[in-house]
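**Student:** Position chain L against the provided structure of chain C, taking the given hints into account.
These protein sequence lines are chains C and L, in that order. The first sequence lines up with residues 1 to 179 when you count with full-length UniProt numbering. The second sequence lines up with residues 1 to 441 when you count with full-length UniProt numbering.
Some hints here could point you the wrong way.
Pairs of lysine-lysine, BS3-like flavour, derived with a Cα cap of 27 Å [to be verified]:
1. C:Lys36 x L:Lys434
2. C:Lys3 x L:Lys434
3. L:Lys424 x C:Lys8
Since the hints were derived computationally from the structure, they do not count as laboratory data. Given the structure is predicted, the values throughout are model-derived calculations rather than measurements.
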Amino acid sequence: MQKLGDFKLPQFFNYPPYFTLQPVRDTREKQIQLWKELILDFCKSQKVFLIGVEEDFPLFSNSAIDRTLSHEAREIFLSAIVGEGRAEWLDKGHRKCLILWHRIQDWADIILKFVRENGLEDSVMTVEEIRSGTESLGTELEGIDRTILMRALKLLENKGKLALFKGTSADDEGVKFSV
Amino acid sequence: MASESRIGSDGLFNTAEVTTSGRPVLRRNEVECFLLSSVDLDSEDDPPRFASMRSGNLILTTHRLIWIPSSQPNASSLPSSLPLSSITHIFSHKKSIKSMFHSPRIRFQVDSVVVVTVVFRGKGDFDGFLTKLWECWRGRAWEEDEKSESEASSGSGAGTVAQGLYGNDGTVRMVGLAGILRKEQEQWESTDKSLQDAFQDLNALMSKAKEMVSLAEKMRQKLLSAPSSQNGGGDDEEMGSKEEMQQWMLSVGIISPVTKESAGALYHQELSRQLADFVRIPLEQAGGMISLTDMYYHFNRARGTELISPDDLWQACNLWEKFDVPVMLRKFDSGVKVIQNKSHSDEEVMSRIRTLVTKTETLRTGVTASDAALTLKIAPAMAKEHLLSAETKGLLCRDMSPDGLRFYFNLFPEIDPTDLHLVKDIGTYGEWVKATSLLSV
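One chain only, chain C, in its complex shape (with noise of 0.2 Å):
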C-alpha cells in the first residue's frame, strides 16, 4: 500500500468513491467517520496540527487514481472533527483548521508528565524550551504546535499548576511550574 511519509495509508485510500461526497445519508455518515479517523490518524504520526482547506494536504489528493477531495468535502470531514471537539476552526471563514489529535486537557496531562518526570516541578522553563529543548526531544511535545501549546499552559495556569510570565523578548514567554 502506499505510503505518504512514513505513514501507512489504508487500503480504501484507493478507492475512488472515497473521494466523492456521498449523497446517500447512511453511506456519507460512514464515509465521514473513515476520514476523521484517517485523518486525526495521520495528523497525530506525522504531527501536523494545521490545516489549511486550500491548501495542498497530502491526505486530500490522491494522484493514483487520480482524485481529489472538493472544497465542499474537505469542509465538511474538517467540521466534522472540530464538531467532536478534536479540532478548531481558527477563522470564520474556515479556512484554517488546527487539529487536536491530542484534546487540550491530554496536552496539559502530558506537559505535568513531562514535568515530575525530568523534576521540573518547582523550575522555570521558557515556552520555547519545551517544545524544542532537550528533555522533550523523542516526546510527545517536540515540536508542538506553539498555539496549542499556550492553550494546555493556560489551562495549568487556571488550575495552578503554573504560572506564566513575560520574558525579556517578545517571544520569550516563561513558565513557572508549581506541580
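**Tutor:** Coordinates of chain L only, in the frame set by chain C:
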C-alpha cells in the same frame, strides 16, 4: 264541415274527416301544402292537455294542421286537425347542442295556453315544412274565407263563389288535376330553391358552425364553473345531464375539461384502457420499464392519425390506479416518470446490478449509466434511474470526476473505522483489494 266532437280535455283538436282511403277531406279553398310522415304530437304542459298522438302523417294545409295516424285509426288515435288560426305563437327553432342529437321538432302555442310539440321522426324535408308552416300561418287564408263569406252574407250580388282556376282574390286555386299538377310544381320549386339556398349559403353554414363551436365553448365554460357537488346527492339529474353534455361535446370533438379529481371523461377512460393494452409489448422489449416520453412516441406512432397530446397520455396513465391494469406510472426522485409493470420488481433489477458491479472488472472500474444500459439491456435513462435507486438503497456509491459519474459497489459498510487497515477475509472489500492489486505497482 267541422265536426262536433273534439279530442282532448280542452277540446284542442277537432276530429278530422277522412275519406275511406285515409285522405283528409279538405274544405273549400283549403289547399294542402305539405306532408310529413312519422310525426308525433305531444303536449308539453303538465298535466298534458291531450293524449299524445304517435306516429302519424302530418298534413299542413292553408287552413289547418291535420294529423292522421299511420296505423289503423282506433279510439285512442283518431285523425285530428288543428286550425292554424288557433295558433297564437310559433316558437323559433333554436339550434342547440340538444337539437343536433334529437329528432327535429317544432313547438307552438295554441289559444295562448297550450304548448304543442311536433316531433318529426322520419326522413323528410323538415325545414321545408317549417318554412311552409310559417307561410301558411302568416298567410291567414282563413281570414280571406271569412271575408269572402261575410261579403257573401252581406249580400253582395257579385258571384262570390270562386269559379275556375282563379279564386276571388286572384290567387290560383288548387283544384282538380290542374291543382295537383300545380301543387307538384310548387313542391319542386320549393325544393329547388332550398337546395340552391343551401349550396349558395355555404358561408352561412360555416358561420353557423362557428356559432356552434362558440356555443359549445360557452357550455364548456359553464360546466367548468358550475359547482359539481354543491347539493350532494340530490342533484343526480343535474350530474347526469352534465355528463351527457360532456359526452355530446366530446363526440363533437371538444375535449372535456375534466380535472383529475373527477371520474375522468369517457375519452380518457377509454384511452387509458387502450394504452394499458398497448403498453404491454414495448414494456417487454424495454426490459420492464419505459419512460413516459418513449411511450408517447411509441403510442402515437402506432396510432398514425388521431395523435394524442402529452397531457392526454399523462391523464390516461394517471387513471390506471382506478382500474385494475397490470401497469403503473412511477415517478422517480429526479422527476423522471416511467411506466412499469406492476410485477416488475425492483429486487430483480437490483440483483442484476449487484451481479454486474461485483465482477472483478467492474469492482475495479465501476459502471457508468451506459455500461449498465448495455449489460442490463435497457435504455440509458432507465439505467441511470436504476443506478440511482441502487445508490439510495445502499448497494452502490458514486464516484464523480472529470470523466463523469460512475457507480461502484458500496464498500463503506465493510470498512471498520476503528481499524482502518483491516481487510476481512470474507466480503467484497477483500475482493476489491485483490482486483485493484492486480494492477497496482
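**Student:** Now tell me if each hint is right for this structure.
**Tutor:** Status of the hints after comparison with the structure:
no., hint, in the structure
1, C:Lys36 x L:Lys434, "holds (26 Å)"
2, C:Lys3 x L:Lys434, "holds (19 Å)"
3, L:Lys424 x C:Lys8, "holds (18 Å)"
Hint violations for this structure: none, all hints satisfied.
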